[in-house]
Amino acid sequence: MGGKLRRRAVITGAAGMLALPGKAPAAVGAKPLSGVTLNVSCWNAPYPQFLKKYIPEFEQETGARVVYTTPAFPIYNQRMDIALATHSDAYDVINVTFIYIGRWVGAGWMTPLDPLIADPKLTPANWDPKDFLPGIEAAFRDAKGQLCAVPWIADVMMGGAARYDLIRAAGLTMPDTFDEMHKMLAAVSHKDGLPGFVVENHYGWTFLGYLQGFGANVFRAPPHDLMPVLDTPEAVQAAEFFATIMRDYGPRGALSYTYDQVTAALKAAKVIYSTENEAFVTQMAQKGAAAAPTCGFSLFPKGPAGRFPQIATHGWGIPAGSRKKDAAWQFIAWAMSKKLLLRMFREQGWSSVTRRSIIDLPEFHAKLNYNGFDVAKIYLETLNLADKGYMAYRTVPAYPQIDRQINIALQSVISGEKKAAQAMKDAQHNSLEALRRAGVKL
Amino acid sequence: MSAGAGWARAQRRAFLLGLAPALIVLAAVTVGPAVYLVATSLTPLTPVKPGSGLDFSHPLGNYIQALFQSSFPHSVLLQAELSVLTVGMQTLAGVGLALLLDVESRWMEVLRTGFLVPMVLPPIVVAIIWKVLTTPDVSPAYSLLAWFGLRPGSLVTNPVTALPLIAFADTWEWFPFTMLMVLAALQMQPREQLEAARIDGANSRQMFWHVRLPFIRPALTVAVLFRLIDSIKAFPLIYVLTDGGPGRATEVTNYYAFIQTFNFAYWGYGSAIATMMVAGVFALSLLIGRLGFGRDEDA
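Just so you know, the sequences run in chain order W and E. Straight run, no breaks: the first sequence in this note's numbering ends on number 442. Straight run, no breaks: the second sequence in this note's numbering ends on number 299.
Among the hints, erroneous ones may be present.
[Unchecked claim] In the DSS-like style, the derived pairs of lysine-lysine whose C-alpha atoms are separated by at most 25 Å in a straight line are:
no. : chain 1 : residue 1 : chain 2 : residue 2
1   : W       : K339      : W       : K53
2   : W       : K144      : E       : K49
3   : W       : K130      : W       : K441
4   : W       : K270      : E       : K49
5   : W       : K367      : W       : K52
6   : W       : K441      : W       : K31
7   : E       : K49       : W       : K441
8   : W       : K53       : W       : K441
9   : W       : K121      : W       : K339
[What the hints assert, rightly or not] Rough simulated footprint, nothing fancy, chain W against chain E, three-plus residues with beta-carbon under 8 Å:
no. : segment
10  : 154 to 161
11  : 253 to 266
[Said to hold, decoys possible] So, partial list: chain W residues that the calculated Cβ filter (under 8 Å) puts toward chain E:
no. : residue
12  : A83
13  : R103
14  : A107
15  : P251
16  : R252
17  : L255
18  : Q411
19  : E417
20  : A421
21  : Q422
22  : Q428
23  : E433
Everything labelled a hint here was simulated from the structure, so no lab data went into it. Ideal Cβ positions, reconstructed from N, Cα and C, are used throughout, including at glycine.
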């Protein structure tokens, strides 16, 4: 019996291979990517963890084996930077990190995806590439306008309270301005022994909404005029404000809080309020989270110069060095298909989606209503705000260097090592030096 | 006579031939990369600029930039502070415990083994242990202090305490090395010397300074040298606990080179920092050798 089966399999396979080279497995009903191993990597975030649960289905459907790794954000970026720079074939599908878009896409290290999208043999007719939010997708286009990654997240920064009940008890609502936020934190911090405020210690990201809210910026007029402007009176004022709320209302060791610690503290209702990414704060509303019954949401508060919620995007791309580009694209097309994204939304609550057709669904709005807060509305309003173009600073190729200078400056102010004016002056000096060294003409 | 000379030549040739494979492997795995490191340090190599690895037009550019840029000298000063603190604490703890454990007893043998545990743990595990211990929300040490009504701030996010904390954690991990070296030396000391000193009326202090310390000095010098070199390589504790911060409070030279190379992709500049570090360690080793701390006085 077994011998017969084996013989039949061998004969069928051999006949298929002889008849249709390269297409044989599909023609005879075998799996199209049998024997292919895809190395896929993304930094560790909620979405890649959600996706992980569906990968066995892709393997089952296509016959491919997927080696899937999700290291921490800094480790991931360092690892990919080296792999891409050396044109390594170690990875087939990778996340294109927002702050590295300028470098990775600009240097031609990513594969243009348009020919793969246009290939009917590789992309299903109903895949609908125009469904992706155009403003978000535009970030991944190179100088020639070619798409180099498909965005899997449109992450917007917003206000989130794990203990909205304490805010209500103080006679207040979710703060809409920096002033209201400060008053609210003064009123509720240390109630029930809880710190009032915390954000992740990546201040080159979490501080920027405050910097711009006070009327300052990183560069004078990015992406064309990259003169840093970190030592303006507005920038100093923003640093003072941010450091004050972190110092006075933050937990002990607030400077060491990474994004996963912030998310865990919010979910466990161990901190009252934060301004963080939608993907992190909405986890407070998950079933089983201690904060679920008491959480509240709002737009990122506005400062004297307006409202500047930060928006990030990350996307799936194929390194130029990959030797399995067709198979890699099939993985991306599967991972970013409407069908799978809708399942991820329905089954796991993934809501930072980049496909307009899902955002427009009535069930999207209904599901993103937590304790009476319309998070879908906040999400869309924030995405519309991004059209003002204030995120242009972030895709400057030398931004990672400036990001570190901002981190160092804010750490120095929050820890009390330096006054805000001195720290921002140092950040300006070091940023100038870093940009000149990167070959930027100022 | 000529037959003898011919035999000696043949013997030399045979020795060289025998040594050749080992020398070739040694050159391939050590000298080769070292030469490449120095060559790279003379270029502005960065992966975002093709051909930059072959640009030798400003060979000293990276070195000039390092020496006249504020961050590098600052990192060297921090490195010196960290090295003095860690080597000092490890020497004191290692010698002190070795003297206490230099007793013939089964219990002492068990205790000695126990003291070795931190040293055999993988460095990243040590860093995670200290991360837990120093994070107020989850630290058992902070919980214990809270039980006594104390609420100290976080030591890793305070610019005054961050570097001493790294030094303390490093000492916890590596003092057993010094202890082991010194203990081995102490146990080799002839008991007659100790008895003679006691008969001559030497007190404990005199015994240590004039009998024990001179005897263990060569071993202690080797231990200090090893620890000094290792302190310059400090990385996992800083990476996990402080990421070089707060501000630049723990951005020692090694970490500075790491950031420049792997975060900003300045590979040529990173190579220049690494080359200077190698030269510094080499000079320190020579200096310690020349000062004669490692010489046995009886020799």
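Evaluation of the provided hints:
1. Distance restraint check for K339(W) and K53(W): the Cα-Cα separation of roughly 15 Å lies within the 25 Å cut-off, and the hinted pair is therefore satisfied.
2. For the hint pairing K144(W) with K49(E), the CA-to-CA distance comes to about 19 Å; that is within 25 Å, so the pair holds.
3. With a C-alpha separation of about 36 Å, the suggested pair K130(W) and K441(W) falls outside the 25 Å cut-off, and the hint is violated.
4. Proposed proximity of K270(W) and K49(E) is contradicted: the alpha carbons are some 47 Å apart, above 25 Å.
5. Note on K367(W) and K52(W): the hinted pairing holds, with a Cα-Cα distance of about 22 Å set against a maximum of 25 Å.
6. For the hint pairing K441(W) with K31(W), the CA-to-CA distance comes to about 53 Å; that exceeds 25 Å, so the pair is violated.
7. Note on K49(E) and K441(W): the hinted pairing holds, with a Cα-Cα distance of about 16 Å set against a maximum of 25 Å.
8. Between the alpha carbons of K53(W) and K441(W) the distance comes to roughly 47 Å, so the proposed pair goes past 25 Å and is violated.
9. A C-alpha spacing of about 19 Å is found between K121(W) and K339(W), which places the hinted pair at or below 25 Å, so the restraint holds.
10. With 5 residues having a beta carbon nearer than 8 Å to a beta carbon of chain W, the segment 154 to 161 of chain E meets the requirement of three or more and the stated coverage holds.
11. Judged by the Cβ-Cβ criterion of 8 Å, the segment 253 to 266 of chain E is covered by chain W as claimed, because 6 of its residues qualify and three suffice.
12. Contact between A83(W) and chain E, as hinted, is not supported at the beta carbon level, the nearest pair being about 10 Å apart and thus beyond 8 Å.
13. At about 6 Å, the closest approach between the beta carbon of R103(W) and any beta carbon in chain E falls short of 8 Å, and the interface hint on this residue holds.
14. At a threshold of 8 Å, the smallest CB-CB gap from A107(W) to chain E is about 5 Å, leaving the interface hint in force.
15. Residue-level restraint check for P251(W) holds (minimum Cβ-Cβ distance to chain E is 7 Å; threshold 8 Å).
16. At about 4 Å, the closest approach between the beta carbon of R252(W) and any beta carbon in chain E falls short of 8 Å, and the interface hint on this residue holds.
17. Hint on L255(W) holds. Least Cβ distance to chain E is approximately 4 Å, under the 8 Å limit.
18. Hint on Q411(W) holds. Least Cβ distance to chain E is approximately 4 Å, under the 8 Å limit.
19. At its closest, the beta carbon of E417(W) sits 4 Å from a beta carbon of chain E; the interface hint therefore holds under the 8 Å criterion.
20. Among the interface hints, the one on A421(W) is violated; its C-beta lies about 15 Å from the nearest C-beta in chain E, farther than the 8 Å criterion.
21. Annotation: interface hint on Q422(W) violated; nearest CB of chain E at approximately 11 Å, more than 8 Å.
22. At its closest, the beta carbon of Q428(W) sits 13 Å from a beta carbon of chain E; the interface hint therefore is violated under the 8 Å criterion.
23. Contact between E433(W) and chain E, as hinted, is supported at the beta carbon level, the nearest pair being about 7 Å apart and thus within 8 Å.
Violation of the numbered hints given earlier is confined to hints 3, 4, 6, 8, 12, 20, 21 and 22; the remaining hints are satisfied by the structure.
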